[in-house]
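S.K.: Listed below are the residues making up each chain.
Number of protein chains: 2
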Amino acid sequence: MSISSDTRADISRFWSTIARSAEIGPGRPGGLSRPTLTDADREMRDQFTDWCREAGLEVSVDEMGNIFGRRAGREDNLPPVMIGSHLDTQVNGGRFDGIAGVLAGLEVVRCLNDVGHVTRRPIVVVNWTNEEGARFSPPMIGSGVFAGRYALDWAHGLQDDEGARLGDELARIGYKGRLPCRAGEIDAYLELHIEQGPILDAERREMGVVTGGYPSHGMRVTFSGQTAHTGPTPMDLRRNALVAGARWLTAVDDLGWAFSAQDGKASGSRLAAWPNKAGILSDTAEAVADVRHPDPMTVRVMAERMRRDAQAAAAIAGCTLRIEDEWSWGGDIFDAGLIETVRAEAVRQGWNWRDIKSQAGHDAYHLATICPTAMIFTPCKGGITHNNAEDCAPEDFSAGLNVLLHAVASRADR
Amino acid sequence: MSISSDTRADISRFWSTIARSAEIGPGRPGGLSRPTLTDADREMRDQFTDWCREAGLEVSVDEMGNIFGRRAGREDNLPPVMIGSHLDTQVNGGRFDGIAGVLAGLEVVRCLNDVGHVTRRPIVVVNWTNEEGARFSPPMIGSGVFAGRYALDWAHGLQDDEGARLGDELARIGYKGRLPCRAGEIDAYLELHIEQGPILDAERREMGVVTGGYPSHGMRVTFSGQTAHTGPTPMDLRRNALVAGARWLTAVDDLGWAFSAQDGKASGSRLAAWPNKAGILSDTAEAVADVRHPDPMTVRVMAERMRRDAQAAAAIAGCTLRIEDEWSWGGDIFDAGLIETVRAEAVRQGWNWRDIKSQAGHDAYHLATICPTAMIFTPCKGGITHNNAEDCAPEDFSAGLNVLLHAVASRADR
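Same order as they appear, the protein sequences are chains A and B. Taking full-length UniProt numbering, the leading residue of the first sequence gets 1, the next gets one more, and so forth. Taking full-length UniProt numbering, the leading residue of the second sequence gets 1, the next gets one more, and so forth.
Please note that the accuracy of each hint is not assured.
The list treats identical chains as interchangeable, and a pair is accepted whether it falls inside one copy or across any two copies.
To be verified - Simulated crosslink set (SDA-like; lysine to any residue; CA at most 25 Å straight-line):
#	residue 1	residue 2
1	K176	R70
2	K381	P234
3	K176	W257
4	K176	H156
5	K176	P372
6	K381	Q226
7	K381	M235
8	K176	A312
9	K381	I18
10	K176	A164
11	K176	L152
12	K176	V118
13	K176	A55
14	K381	W274
The hints are simulated quantities; they were obtained by calculation from the structure and are not laboratory data.
Given the sequences, and given the hints that come with them, work out the whole structure.
M.R.: Laid out in structure tokens, this is it:
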């Protein structure tokens, strides 16, 4: 009834899809620059849907541009097992972040096709729109709307730096589908992802069983002041929004250092002021920052500290502020039973694995709020990611791919 | 031999040129957005040269795009008297900053034409290229090359945010002239400018005799780090250039407050990081800041403090830095004799005037290094400038225009 216990994924076939993806939206040497809903993203989506159809999957696209490749089950009305991640990248992104997870899903269905096995439940491979948040903030929007966390209209109205709207860009690249972006019943969601951290590589582990994510909290703040000449305007009459933003990101960095001994982090990642020119004080500054910490209560405290630091920064600079948006994820939200399925496969196949927590954001966090969810981490060199130097070898995916294959098959036959 | 002592400038004629200029490159309501070498700047230059030719001036353009409108003198080989300022604006600029000074020069020659008086020396009305530095940093480039402070090739190679080069943009708008950008002998340079500060307006003065400028020092610094994921990257492995820039501008603001009781200022005006996106640490950040103080030694100390603050900011953020460029101006550099000429005219005409120091940068500072130079300030409402709310009434220019007219005439007949 199930696949043979020694069925193995075809690493070189999987690797060839990684290599093809690495040609679409080239960035700095060795990397990719394929932000969501760009022409490069469209080209990658077209390639992915071609692959899905070649593998016999039924392709559908929802209103958020999420792409679903569905493999029918023997009892096709049962809730499906889903495998997903994202094909978009940061502007200085790598070839594996997110991509490996989507293409791993494709490899799983190709393996099942090879052995001619039809699982009891349907299997759906998913590419989620805008996981990175590099072009439209916040990140993980496609899976967030799917899971009911965000409203569709709100997501469609998000604007990039040039004022283009997410909904319009979906339509422009031909990926604004008609399928409602709303989850039905799902049996399980599994996501393979490179670790994006140095632990597996440093310990020479072949894979990680992700038991949860570091609680994380991010926010986007707009500071408002008034333009004025940098020369004659006395310090006490200034309302320089750029200074408010700079002071906030400085305070956020201090916060990160204060909690760094317990593995806490705080990151200023964006400061966009206007006019942002020599000789003039800026009247607007948009800033983005986030905090992460293994302990949920500490993240709540850090988030509140970020808010108060923003108020203090605005006050010193004579500006007002508005918190435009906040987002959070993480915690011990993955499903104990599904985690145990993954662990059992890792043991059975004899890999050198460990439990691990994710410190990054993943679509799986949104899925975990609506269905049993687990993740598999694969090693990446030095943990370097969101950088063109992100690097993996084909064999880095052997454990993860094969555990994913068997975990999916056993779950889908359950 | 000279003009009649009661000859008066035609304020409504002057105001009509201000109103026409205010139609070219509209910005926010009431303001202008006419950065140097844009299409709007070209249109204004075309209008200005038309006016010059209508007033019988011989127009020439030098390699830096500086425009000279020359009125012949009776002894036409004598060094000329120059009147100048700039027609470019900040991106959120007003209708008067710089513009009033160029158009005041035009009004002076129109007055001399009206009364049919040919001065002994020639008179040259000048529009200097890129005074604002809003598009190409540093400011006051056209006058700086003219005065020998900057090299022509260096200035032509400056790039704007989109990578366009100043020399190419000069050619594109048709204002890369053939005249060498090099000052010959100049008898005197006079510049009328709105105060850009609140003093004249607050004291209800009709004009100011500018005796010098606050010593000022600016610099442009590039911080270099490495992109990485905002999540898993430990604080001690980060090289976030955005944080380096934010820390520097925070320190610069602190510096301004520390010296504010003695009327010192320190301004962070620009911070441009890359990729500057949520989820990723930035590997580059360009920042611009300047300090100003009435005392030259204090400005030297403040400038050195800025440099060390930049080093400290880079160190904490794990980045390297390069000071790309530094500039300074100000001090008691104006000509005592020419200042006295302006003062004497203000007294003779019976205006309510005072001596004043400029806190802004002006082309006159570069000219002062090569010829006797003086400036006249006119009031502006509340001292608000580099903002679309910049405002003046026609009568605010009565004193300045008439003092300029007679000071120029007497100097040119000397």
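S.K.: So, for every hint listed, does it hold in this structure?
M.R.: Status of each hint after checking the structure:
Taking identical chains as interchangeable, the C-alpha atoms of K176 and R70 lie at most 25 Å apart only when both belong to the same chain, with a minimum of 18 Å there against 63 Å between chains. Only between protomers do K381 and P234 lie at most 25 Å apart by alpha-carbon distance; the minimum there is 16 Å, versus 51 Å within a single protomer. Taking the shortest alpha-carbon separations for K176 and W257, neither the intra-copy value of 43 Å nor the inter-copy value of 52 Å comes in at or below 25 Å. Within a single copy, K176 and H156 get their C-alpha atoms as close as 10 Å, which meets the 25 Å cut-off; across copies the closest is 46 Å, which misses it.
When the C-alpha separation of K176 and P372 is checked against a cutoff of 25 Å, the pair qualifies neither within a copy, at 28 Å, nor between copies, at 68 Å. In this assembly of identical chains, K381 and Q226 lie within 25 Å of each other by CA distance solely across copies; the values are 16 Å between and 46 Å within a copy. Proximity of K381 and M235 under a CA criterion of 25 Å is satisfied inter-copy only: 19 Å between copies versus 48 Å inside one chain copy. Taking CA atoms no more than 25 Å apart as the test, K176 paired with A312 passes in neither setting, with 42 Å inside one copy and 49 Å between copies.
Only within a single protomer do K381 and I18 lie at most 25 Å apart by alpha-carbon distance; the minimum there is 16 Å, versus 63 Å between protomers. Taking the shortest Cα distances, K176 and A164 sit within 25 Å of each other inside one copy (15 Å), while across copies they are farther apart (36 Å). In the homo-oligomer, the alpha carbons of K176 and L152 lie at most 25 Å apart inside one protomer (12 Å), although the nearest pairing across protomers, at 52 Å, exceeds that limit. In this assembly of identical chains, K176 and V118 lie within 25 Å of each other by CA distance neither inside one copy nor across copies; the values are 31 Å within and 73 Å between.
Proximity of K176 to A55 under the C-alpha cut-off of 25 Å is restricted to the intra-copy arrangement: shortest distance 23 Å within a copy versus 61 Å between copies. Taking identical chains as interchangeable, the C-alpha atoms of K381 and W274 lie at most 25 Å apart only when they sit on different chains, with a minimum of 24 Å there against 39 Å within one chain.
Figure legend: structure checked against the earlier numbered hints; hints not met, in rising order: 3, 5, 8 and 12.
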